[in-house]
Amino acid sequence: MKIIIKDKRYLASASKKIVKHAGDRRIIAFYGSMGAGKTTIIKSICKVLGAADITSSPTFTIVNEYRTVSNDSLYHIDFYRIRKSEEIYDIGILEYLSGGSWCFLEWPELAEEILPPEAVKVRIIVGSGEQRILHLE
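If you're matching positions, the sequence shown starts at 347 in the numbering used here and goes up one per residue.
No lab work stands behind these hints: they were computed from the structure. Accuracy of the hints is not assured; some may be wrong.
When the alpha-carbon atoms are kept at most 20 Å apart in a straight line, the in silico EDC-like pairs for lysine to aspartate or glutamate are as follows [claimed, not checked]:
1) Lys393 / Asp370
2) Lys363 / Glu483
3) Lys467 / Glu483
Just so we're clear, the structure is a prediction, and the values are computed from it rather than from any experiment.
Starting from the given sequences, assemble the full structure and let the hints guide the process.
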């Protein structure tokens, strides 16, 4: 599936399409270069899912947990600062991935071997200006 985000006005619409495409799957891995918009898209998805908390990048905390208005958990995990695959296990990644909650992963390349086969993979290509092209697998 391909989604084109022309500019930020289209984020909510694109986020709804990603959630719909995911269906019952709760793990979404985002691939893209620095500045491609991974965090921005995840923030928008969290808003669509009813996040009651203010969302922010977990680059330094590695994992942020947000609560929805219905008290469900959303996990935003950023592997950018992880240097060795062993560190992934130290953050309790297996519990997050198997817990049934939404998990949004940035820089998931280091965790490829433990991603469940049903994980949705979103590859972000930077277009001209604010345009982003998303390929969902």
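The hints, checked one at a time:
| no. | hint | result |
| --- | --- | --- |
| 1 | Lys393 / Asp370 | holds, 18 Å |
| 2 | Lys363 / Glu483 | holds, 13 Å |
| 3 | Lys467 / Glu483 | holds, 5 Å |
In summary, the structure agrees with every hint in the numbered list given earlier.
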